[in-house]
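Here the protein sequences line up with chains U and G, keeping their order. Here the first sequence is numbered in my numbering, starting from 1 and rising by one per residue. Here the second sequence is numbered in my numbering, starting from 244 and rising by one per residue.
Derived from the structure by calculation, the hints contain no laboratory data. Just so it is clear, CB atoms sit at the ideal spot from N, CA and C, and this is done for glycine as well. Among these hints, one or two may not hold up.
Stated by the list, open to error - Cβ-to-Cβ under 8 angstroms is the rule here; a few derived chain U residues that face chain G: (1) Ala27; (2) Arg67; (3) Gly187; (4) Pro234.
As the list claims (entries may be wrong) - Counterexamples of contact, computed for chain U against chain G with all Cβ distances above 10 angstroms: (5) Arg36; (6) Asp39; (7) Ala82; (8) Val107; (9) Ser111; (10) Ala117; (11) Gln121; (12) Asp125; (13) Asp222.
There are 2 protein chains.
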Amino acid sequence: MGLPGVRENRRMPDPAAHRSDPSLLEALRTTRAIRRYTDEAIVDEDLATIMFSATRAPTGSNRQGFRFLVLKDGPRAVQAKAVLGESFRAGWAEKRAGDGYDSGSGVEDNSPKARTARTMQHFVDHFEETPVVVLACIRTRHGGLMDGASIYPACQNLLLAARALGYGGVLTGWHAFVEDELRAICGIPADYDIAATIPLGAPQGNHGPVRRRPLDELVFDDAWDATAEWIIEPAGSQHTGSF
Amino acid sequence: MGLPGVRENRRMPDPAAHRSDPSLLEALRTTRAIRRYTDEAIVDEDLATIMFSATRAPTGSNRQGFRFLVLKDGPRAVQAKAVLGESFRAGWAEKRAGDGYDSGSGVEDNSPKARTARTMQHFVDHFEETPVVVLACIRTRHGGLMDGASIYPACQNLLLAARALGYGGVLTGWHAFVEDELRAICGIPADYDIAATIPLGAPQGNHGPVRRRPLDELVFDDAWDATAEWIIEPAGSQHTGSF
Numbered sequence: 001m002g003l004p005g006v007r008e009n010r011r012m013p014d015p016a017a018h019r020s021d022p023s024l025l026e027a028l029r030t031t032r033a034i035r036r037y038t039d040e041a042i043v044d045e046d047l048a049t050i051m052f053s054a055t056r057a058p059t060g061s062n063r064q065g066f067r068f069l070v071l072k073d074g075p076r077a078v079q080a081k082a083v084l085g086e087s088f089r090a091g092w093a094e095k096r097a098g099d100g101y102d103s104g105s106g107v108e109d110n111s112p113k114a115r116t117a118r119t120m121q122h123f124v125d126h127f128e129e130t131p132v133v134v135l136a137c138i139r140t141r142h143g144g145l146m147d148g149a150s151i152y153p154a155c156q157n158l159l160l161a162a163r164a165l166g167y168g169g170v171l172t173g174w175h176a177f178v179e180d181e182l183r184a185i186c187g188i189p190a191d192y193d194i195a196a197t198i199p200l201g202a203p204q205g206n207h208g209p210v211r212r213r214p215l216d217e218l219v220f221d222d223a224w225d226a227t228a229e230w231i232i233e234p235a236g237s238q239h240t241g242s243f
Numbered sequence: 244m245g246l247p248g249v250r251e252n253r254r255m256p257d258p259a260a261h262r263s264d265p266s267l268l269e270a271l272r273t274t275r276a277i278r279r280y281t282d283e284a285i286v287d288e289d290l291a292t293i294m295f296s297a298t299r300a301p302t303g304s305n306r307q308g309f310r311f312l313v314l315k316d317g318p319r320a321v322q323a324k325a326v327l328g329e330s331f332r333a334g335w336a337e338k339r340a341g342d343g344y345d346s347g348s349g350v351e352d353n354s355p356k357a358r359t360a361r362t363m364q365h366f367v368d369h370f371e372e373t374p375v376v377v378l379a380c381i382r383t384r385h386g387g388l389m390d391g392a393s394i395y396p397a398c399q400n401l402l403l404a405a406r407a408l409g410y411g412g413v414l415t416g417w418h419a420f421v422e423d424e425l426r427a428i429c430g431i432p433a434d435y436d437i438a439a440t441i442p443l444g445a446p447q448g449n450h451g452p453v454r455r456r457p458l459d460e461l462v463f464d465d466a467w468d469a470t471a472e473w474i475i476e477p478a479g480s481q482h483t484g485s486f
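Could you put together the complete structure from these sequences and hints?
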C-alpha cells in the first residue's frame with residue numbers, strides 16, 4: 001500500500017516464545033497497559049483466540065450488542081489508523097500541556113511523569129505502526145453509563161487474553177475526536193457507539209504488578225468511606241498518590 | 244439483626260475445596276453469570292483477594308475514580324439488600340411479563356427460557372440471602388458511556404477473581420430504580436454513580452462454556468459486517484440465536 005509509517009512486512013514471531021497463559025489470579029494482578037510494541041505481527045490464530053475470549057464476556061440479558069471491528073493492514077484499516085494517529089497525537093498534545101508534563105517533575109528525566117511522557121509520545125508518534133487496532137462498539141440502548149456494562153467487560157477479557165498469548169494493549173478513548181470520520185471509513189452504523197479503541201501488539205517491556213491507590217481508599221465495607229477491616233494489601237504493593 | 248430472610252450464621256466453607264485458579268484463557272471462556280448460591284459464606288481472605296484483583300483493572304489515565312462498597316451483614320448492608328431485593332423482584336416481574344417468559348417456549352418446562360425464568364425467580368426471591376453484594380461506583384466525569392471504561396473492566400476482574408476462588412456472581416443493573424434510597428442508606432456522594440450491583444456467593448451449579456452468537460456476527464475485519472476470515476469458532480461451541 002506504500003503509505004508512510006505503515007509496516008508491510010511484519011516479522012512473524014515464534015508463538016511458542018510468547019505464550020505464558022498465567023494463572024487467572026496472577027494475570028489479574030499483573031496485566032499492564034502496554035503502549036510500546038515490537039515489530040512482531042499478531043499471529044492470526046492468536047487474534048482469533050483473543051477475539052473469541054472477548055466475546056465470552058457478559059452483556060446485559062446476554063443481548064450481545066457488542067461488535068468488534070479489527071483493523072489490521074487492509075485498505076480501510078490503513079485509513080482508519082492514519083485518522084486515529086492524528087487524533088491520538090492531538091489528544092496527547094492537549095493532555096501534555098494541560099496536565100503539566102512539561103513542567104515540575106515532568107522535566108526531571110527519571111520521574112514517573114517524565115517516563116510516562118516519553119512512553120505516550122512514542123505511542124502516539126508510532127500509532128500507525130500498531131499491528132492491530134480494535135474498535136470496540138456497542139449498540140446504543142440507554143445512551144449512558146450502563147450501556148458500558150455490555151462492552152467494557154469484553155474489552156477487559158480482550159486485554160487479558162492478549163496478555164495470555166504474549167501480547168498487550170491498552171483501552172483508549174481518543175477516537176472521540178474523529179468518530180464521524182471513522183464511521184464513514186469503516187461503515188459503522190449510527191445505532192452503534194465506539195466505546196473504546198484498543199491497540200494491540202507484542203510488548204516492548206513486560207507485564208507486571210500495577211500501581212494503585214492504597215486499597216482502603218478504594219474499597220469500603222457497609223458504608224461509604226468506612227474501612228473494610230478485612231482487606232489485605234499484599235506485601236510490596238506500590239501505590240500511586242491519593243488525592 | 245433478626246430481619247427476615249437474612250442468614251446470620253452462614254456455614255464457613257473449606258477454602259481448599261473451592262479453589263481452582265484455572266489458566267487465564269480457560270477462565271475467560273468459562274466464567275458464567277452465577278445467580279444461585281449455596282449457604283456458604285465468602286471467606287474474608289478470599290473477599291480481600293477478589294477486591295484487590297478488581298482494583299488492579301485499568302481506569303482512564305489511571306485516575307482510579309472507582310469505589311467498591313461491599314455489603315455483607317452489617318446494619319446498612321441489611322437495609323440496602325432489602326431495598327435491592329424489592330427492586331430486583333420488581334425488575335424481574337416487569338421483564339418476565341415484557342419478554343414473554345410466561346408464554347410460548349417460556350411455559351415449556353425444559354426450554355432455555357423456562358430454565359432462565361426459574362433461575363431468575365429464585366435469584367430475586369432470595370436476593371436478601373446473597374452472601375455479599377458489591378456496589379461498584381464511579382466518579383462522574385463525562386456522564387456518559389465512556390465513564391464506564393473506568394469501572395466495568397474492574398467489575399469483570401472482580402467476577403473473574405471470584406471464579407478463581409470458587410465463587411461466582413453476576414453484573415446487574417436493577418439498582419437503578421432505588422438509587423436514591425441506596426445513596427441515603429450507604430452515604431454514597433452525589434458525584435459518584437452506581438455503575439453495577441454485583442451479588443457474589445458460592446455457586447449452586449458450575450462454571451463452564453458460555454453460549455454466544457456465532458463469532459462472525461460479532462467480529463469484523465477491516466469494515467463493518469465484513470467477515471474476519473481468520474476467526475476460529477472452537478469445536479463444540481454452542482450458540483444463542485442471532486437476530
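Against chain G, does Ser111 (chain U) keep a CB gap of more than 10 angstroms to every residue? Non-interface label stands for Ser111 (chain U): nearest chain G Cβ at 15 angstroms, farther than 10 angstroms.
Over 10 angstroms to the closest beta carbon of chain G is the bar; see if Ala82 (chain U) clears it. holds (14 angstroms)
Next item in the hint list is Pro234 (chain U). Is there a CB on chain G closer than 8 angstroms to its CB? Holds - the Cβ of Pro234 (chain U) comes within 8 angstroms of chain G, reaching about 7 angstroms at its closest.
Beyond 10 angstroms from every chain G Cβ - status for Gln121 (chain U): holds (15 angstroms)
Hey, does Asp222 (chain U) actually stay past 10 angstroms from chain G on C-beta? Violated, because the least Cβ-Cβ distance between Asp222 (chain U) and chain G comes to about 4 angstroms, which does not exceed 10 angstroms.
Does Asp39 (chain U) clear chain G by more than 10 angstroms, comparing its Cβ with all Cβ atoms of that chain? holds (20 angstroms)
Mind checking the CB of Gly187 (chain U) against every CB in chain G and telling me if the closest is under 8 angstroms? holds (4 angstroms)
Should the label of Arg36 (chain U) as a non-interface residue stand, given a Cβ cut-off of 10 angstroms to chain G? holds (16 angstroms)
Minimum Cβ-Cβ distance from Ala117 (chain U) to chain G exceeds 10 angstroms: For Ala117 (chain U), whose nearest Cβ neighbour in chain G is about 13 angstroms away, the distance exceeds 10 angstroms, so it holds.
Outside-interface status for Val107 (chain U) - nearest CB in chain G farther than 10 angstroms: Label holds. Min Cβ-Cβ 19 angstroms, cutoff 10 angstroms.
Does Arg67 (chain U) pass the interface hint, meaning its C-beta sits closer than 8 angstroms to a C-beta of chain G? It holds, given that the least Cβ distance between Arg67 (chain U) and chain G is near 6 angstroms, below 8 angstroms.
Distance rule for Asp125 (chain U), whose beta carbon must clear each one in chain G by more than 10 angstroms: holds (19 angstroms)
Taken one by one, the earlier hints fail for this structure only at number 13.
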